[in-house]
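Position chain C relative to chain Y; hints supplied.
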Amino acid sequence: SQQGEEDPQALSIQEGENATMNCSYKTSINNLQWYRQNSGRGLVHLILIRSNEREKHSGRLRVTLDTSKKSSSLLITASRAADTASYFCATDDVSNYQLIWGAGTKLIIKP
Amino acid sequence: EAGVAQSPRYKIIEKRQSVAFWCNPISGHATLYWYQQILGQGPKLLIQFQNNGVVDDSQLPKDRFSAERLKGVDSTLKIQPAKLEDSAVYLCASSLAGAAYEQYFGPGTRLTVT
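Protein chains in written order, with my numbering: chain Y, 1 to 111; chain C, 112 to 225.
Incorrect hints may appear among the rest.
Unchecked claim - Footprint (simulated), chain Y over chain C, 3 or more residues, beta carbon under 8 Å: (1) 117-129; (2) 147-155; (3) 158-165.
Claimed, not checked - Covered stretches of chain Y (chain C as the covering partner; in silico rule of three or more C-beta atoms under 8 Å from a C-beta of chain C): (4) 21-34; (5) 41-53; (6) 100-109.
Unchecked claim - Straight-line C-alpha distance at most 20 Å; calculated EDC-like pairs for lysine to aspartate or glutamate: (7) Lys-155(C) x Glu-17(Y); (8) Lys-56(Y) x Glu-213(C); (9) Lys-122(C) x Asp-167(C).
FYI, nobody ran anything at the bench for these hints, they're computed from the structure. Built from N, CA and C at the ideal position, the CB exists for glycine as well.
If we strip away everything but chain Y, and leave its shape as in the complex, we get (with noise of 0.2 Å):
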């Protein structure tokens, strides 16, 4: 079953702009995860950030981790055409430690 939900579901946005997308869960997790994934190479790891974690950088992306509201964001900064790709979340649950995802957020950077 999926219980992480992409909002919004699709993003459209100039290049160089800020890009934001959301996560929310339902259940208790140790870690949550963002993947991206395009045409050209396939599923990719970005960044895991763990439930004792509030936020985590990675070159432009930041990630944002409330463990009380149940949901994490994802900041794209200075965007680029390389970064139009569908991005996913996936949480680690406490319960099963199985990787769960949503639906993803399909992100279109126009040049």
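Structure of chain C alone, referenced to chain Y:
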């Protein structure tokens, strides 16, 4: 470091036929996953192996799907007989030791059932 290898990359079969997919994970990775991804959706876990034991196969349609991981390394996923709704991309991933670690994905096998 070599990535996760999968074969074949594409497969077209008729319904009721059988098909098998192969996956070679990253060396040293104890956990291997098979996912089904239908167009426009997120990956759906079919089966998770820890070494050569099954950790989770709750979403595997066991009447038609089977998987094995011999000697805790390579894995095969089989569908017999295939149905039209099995048309999807089948992804194999591996991680060091379970869901607490990032997963590395192979390129996937695109299956079309006609």
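Earlier hints that do not hold, by number: 1, 3, 7 and 9
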